[in-house]
Amino acid sequence: MNSQFQCYLADEEATKAIAVVFASCLHAPLIVTFSGQIGAGKTTFIRAMLRELGVDSAIKSPTFSIVENYSTTNAQINHFDLYRISSIDELNYIGFRDYFEENAICCIEWPEKAGIYLENVDLGFTLALKGNGRELIATSYTSNGEKILSCFKEKWNI
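Residue numbers are given in the working numbering: position 123 of the sequence shown equals residue 784, and the series is strictly consecutive.
Fair warning: there could be bad hints in the mix.
[Said to hold, decoys possible] What follows is a list of derived Cβ distance ranges for each label pair:
id	residue 1	residue 2	range
1	F725	T803	24 to 32 Å
2	R712	N793	21 to 29 Å
3	S747	V681	31 to 39 Å
4	G776	V682	27 to 35 Å
5	Y778	S726	16 to 24 Å
6	V682	N764	20 to 28 Å
7	N753	E674	37 to 45 Å
These are computed hints drawn from the structure, not numbers from a lab. Ideal placement from N, C-alpha and C gives every residue a C-beta, glycine not left out.
Full structure from sequences and hints, please.
Written out as structure tokens, the structure reads:
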């Protein structure tokens, strides 16, 4: 079931543009991961998605808070940055699993830090620096992720 989409993003504006199209296909419940080195554009991508999903308040990077929560008319959105997490005990302490409710879209940066807690990822994004831009790879892992990836491809005219 793992389908993929891959493209080159020339600059920050291209990253934001593709994030907006993906956002138009998202719906709760959903678990989305974002992988890539520091500076690859993960937070930029998520910020553009959140704006498109209706978040009009300030969108902060959760690097120090670990999680930032946003409410929209359609879903609760939980944006995690697990970069500073060093053990599963820390995830237990913040109640990580409690955020994965039925009406939630969970966006998780540095998913490898979550270990066993991320068994049901729907969609994964990998961003990598490439030349002056970035390479994006989107991978679906569930039927829900597949629907979102298909919706995106249709809207992006692929």
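Results of checking the hints against the structure:
1. In this structure, F725 and T803 meet the distance hint of 24 to 32 Å, their C-beta atoms being roughly 31 Å apart.
2. R712 and N793 have their C-beta atoms about 24 Å apart, which keeps the hinted 21 to 29 Å range intact.
3. For the pair S747 and V681, the beta carbons lie near 34 Å from each other, so the given range of 31 to 39 Å is met.
4. Between G776 and V682 the C-beta distance comes to about 31 Å, which sits within the given range of 27 to 35 Å.
5. Distance hint for Y778 and S726: a CB-CB separation of about 18 Å, consistent with the stated range 16 to 24 Å.
6. Against the hinted window of 20 to 28 Å, the Cβ-Cβ separation of V682 and N764 comes to about 23 Å, which satisfies the hint.
7. For the pair N753 and E674, the beta carbons lie near 39 Å from each other, so the given range of 37 to 45 Å is met.
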